[in-house]
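Construct the complete structure from the given sequences, taking the supplied hints into account.
Here's the letter readout for the chains.
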Amino acid sequence: MRLAIENARKTFGRTVAVDDVNLNVAPGEFCVLLGPSGCGKSTLLRLVAGLEETSSGSIRIDGEDVTHKEPGDRDVAMVFQNYALYPHMTVRKNLAFPLETRKVPEAENRVRETAELLQITDLLDRLPRELSGGQRQRVAIGRAIVRRPKLFLFDEPLSNLDAQLRGDMRAELAMLHRRLEATILYVTHDQIEAMTLATRIVLLNRGRIEQEGTPEEMYRHPRTLFAGRFIGSPPMNAVAGEVKGGRFEGPLTWPVKAADGPATLGVRPEDLQITDGPWRGVIDRVEYLGAERYLHINAGGIQIVVRVGPRGAFRKGDEIGLSPERVHLFPKTEPKVV
Amino acid sequence: MRRLGPWLMAPALLVLVLLAVVPIVGALWQSLFHETAREPARWAGLENYARLARDPEARNSLLFTLQFVGTSVVLELLFGLATALVLHARFRGRAWVRASVLIPWAIPTVVASWIWRYIFDDYSGVMTYVSDVSWFASPFWARTIIILADVWKTMPFTALLILAGLQTIPDELIEAARIDGAGPWRRFKEITLPLLRPAILVALLFRTIDAFRVFDLVFVMTRGKSGTSVLQYQGYKALFDQQDYGMGTAISAVVFLLVATMSVIYVRTVPSRLLEADR
Amino acid sequence: MKGAAAVIVLCSVAPFLWFGMASLKGPQEIAQRPPTLVPRHPTLEGYRGAAEKGIFGWMANSLIVAAATTLLTIPLAAGAAYALSRTRIRGRRLWLGFVLAASMFPQITLAHTLYGMLQAVGLVNTRAAPIAPYVSLTLPLAIWILASFFREIPAEIEEAARIDGAGPLRILIRVFLPVAAPGVFTAAILTFIYAWNEFFFALVLLTRDDVRTLPPGIATMPGQYTFPWGEIAAACVLATAPLLAAVALLQRRIVSGLTSGAVKR
Chain A
1 MRLAIENARK TFGRTVAVDD VNLNVAPGEF CVLLGPSGCG KSTLLRLVAG LEETSSGSIR
61 IDGEDVTHKE PGDRDVAMVF QNYALYPHMT VRKNLAFPLE TRKVPEAENR VRETAELLQI
121 TDLLDRLPRE LSGGQRQRVA IGRAIVRRPK LFLFDEPLSN LDAQLRGDMR AELAMLHRRL
181 EATILYVTHD QIEAMTLATR IVLLNRGRIE QEGTPEEMYR HPRTLFAGRF IGSPPMNAVA
241 GEVKGGRFEG PLTWPVKAAD GPATLGVRPE DLQITDGPWR GVIDRVEYLG AERYLHINAG
301 GIQIVVRVGP RGAFRKGDEI GLSPERVHLF PKTEPKVV
Chain B
1 MRRLGPWLMA PALLVLVLLA VVPIVGALWQ SLFHETAREP ARWAGLENYA RLARDPEARN
61 SLLFTLQFVG TSVVLELLFG LATALVLHAR FRGRAWVRAS VLIPWAIPTV VASWIWRYIF
121 DDYSGVMTYV SDVSWFASPF WARTIIILAD VWKTMPFTAL LILAGLQTIP DELIEAARID
181 GAGPWRRFKE ITLPLLRPAI LVALLFRTID AFRVFDLVFV MTRGKSGTSV LQYQGYKALF
241 DQQDYGMGTA ISAVVFLLVA TMSVIYVRTV PSRLLEADR
Chain C
1 MKGAAAVIVL CSVAPFLWFG MASLKGPQEI AQRPPTLVPR HPTLEGYRGA AEKGIFGWMA
61 NSLIVAAATT LLTIPLAAGA AYALSRTRIR GRRLWLGFVL AASMFPQITL AHTLYGMLQA
121 VGLVNTRAAP IAPYVSLTLP LAIWILASFF REIPAEIEEA ARIDGAGPLR ILIRVFLPVA
181 APGVFTAAIL TFIYAWNEFF FALVLLTRDD VRTLPPGIAT MPGQYTFPWG EIAAACVLAT
241 APLLAAVALL QRRIVSGLTS GAVKR
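Protein chains in written order, with our numbering: chain A, 1 to 338; chain B, 1 to 279; chain C, 1 to 265.
Accuracy of the hints is not assured; some may be wrong.
[Claimed, not checked] Chain C regions said to be covered by chain A (calculated; three or more residues, Cβ under 8 Å):
no. : region
1   : 148–158
2   : 178–185
3   : 238–245
In case anyone wonders, no lab produced these hints; they're calculated from the structure. A quick note: this is a predicted structure, and the numbers were derived from the prediction, not measured. For glycine and all other residues, C-beta sits at the position ideal for the given N, C-alpha and C.
Right, dumping it as structure tokens:
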């Protein structure tokens, strides 16, 4: 199924939540709407679901204009952050409910298949309050799957789960995406979820699309400082300064091919090597994570974070040299990677 | 579909308009006519109201009604507050206490009327232990007994409303006050009472409006004698005993206007949050 | 605290118990002055007399009227409560205010026209007659209680049902009412108790003994000069027995229902 969002705009009073967004989702894509809170990703999802009405713009599913259609008529299914299971119905009835409003025959078979797919068959006669968070999430997913909709919508479904469970569920979601050949629109603020699950990431900022692309494109070729810093952990180091005659000048300097003018230099912590390099600094703090360490370095008066492996002795107060392997330049006009 | 949602309200609204609004309008209209069971309707304008104003019986009804409202409500608030404080405390058997407190509220007012009529009966009442006086012959005592019966009957309702307010006061506030060294009276006066203001206001206004409609107690206990007639009883007599429709509806219109005034005051003073839904 | 609680319980219950004692006294003992505190010669004469006067007939009528009122009020209130608490209505506050105001209309003011209306359709002195004012007088409180319970239901459950294709009626019946079941129950109890206890309209609309409900029946038991206290007391005990059972069993629900909508955060 093809989803086409054209010039979608949503205002709440004077606040503009979604500002002229254009987006196309192709069949089978796992499209992740990523962004900080308040960026409009949830609102955009709800516009597609039909839970909110666009202030202007249109939404098409498979060419059909559904902008003014009720959610129940759009053939979409949604998985909510808080699961939204019907508390007074058993798992079985929760799964069956979407089918009975549509009078689907052989609902029982579908329910059974779905339960098997999600491994919740032995929970079918329990009530939601008897289930753990992870189990509830599965039932919520099951309720979406059971309808075989054209489009799946996920609204931060994993944010209520603990870290370990989140990892397991990510794997399951990826598996489901492949098995069902589903088209998915997925909202999250967690860039790890986005990077691991998405076939395409759409990064939103203040109601607008900042950048979209595959995870690799987003990581390697961020077009704005915002995009550069949102993806990748720890976030990209940003150095403010200006380009003068082929060189970036600021607390740290580096040769760049760009027009003169104010700009920000971006370097990812993993793109910095500890060498005798051109940049020198003093270690302020070492964060130990087992398989890697983050060194917080004071270089040229600003804080730089560097990612290093488990080997090598680094202590607070050590003087070290840094050399960037790859930098990003974000001028006030056009970004460049050097 | 979203548009259909509000229509679910339509049947209830229809019922209310038909069975509540229309009769009110009907009564107001009828009060402008002179009509009895024997005489056909003729236009009277405000004549009925003028007669009412001159009628000493009607004036006394109004007076006692006001007296009743004022005294009952104040007493119910005080006793209700005390009861709510007790019901709020945690102790074993609290459920039983609550159930017993609900008994006066749950029984029909008619039964409550008989209970208190019996207690103060000249011959068989238990109050004969206290005095030989004929309680209901004296206007002062007759009125007092009616007020007493009403307080007994409706205090639980007030207590529950205030209890609801008590339940919204976080325990931590009281605990902080205790740590700060405030004694129980100060804690009550400076923390509990101010935070109870909304609940007390709600109870006050609900009960005031309700008290204007007193009828059962008067009908059963005294049939309005000994100066215990109240407005609704007066109206009942005019409408159904004397079958003077003009006068009866005029009295009923007066009651309505009094209640409506109080309702307007209610809508203005009570914080509008109480009327709003959270969406 | 315990002492205060005891006093409160005593004051609440003693008058009623005292009257209950009277129901077991024969006419001689009743006439004693001052009265005995506990019946010395307990007898069921009072109950017999009450039965003769027709108390069981009144009870049956009360049951019919109260049940019918409840069965009508609750669905109407549910629809209105859903509309008022979960949909976008213009002037929601006004509607709520109107509903609330309707509960405060004085019975006497409604009486004349209502009587005329019921007379016109030939319903006076039928069991159906009081149901009309009862429904309109209990709707506001029922709406209030149900609305406050509905408001507690998370928005997402409703949204999930909408996405699942359910319309507002289905959402109300299949999702909201079951989830708000305690509220429905409480509203039903309060409505039933109101209809059971109501006096004014029952008095005015039901003048024949065979259709009378309990309150007017009991209120008109005494003769011109005599008060058959034994019978009256017995009648009162019988009339309130079901209510007392309800209160004892459902005390928590009743309390939560009355306190729920009263003061909202």
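We went through each hint and held it up to the structure:
1. 148–158: holds (count 3)
2. 178–185: holds (count 3)
3. 238–245: With 0 residues in contact (Cβ-Cβ under 8 Å with chain A), the coverage given for the region 238–245 of chain C is violated.
Of the numbered hints given earlier, the model fails hint 3 alone.
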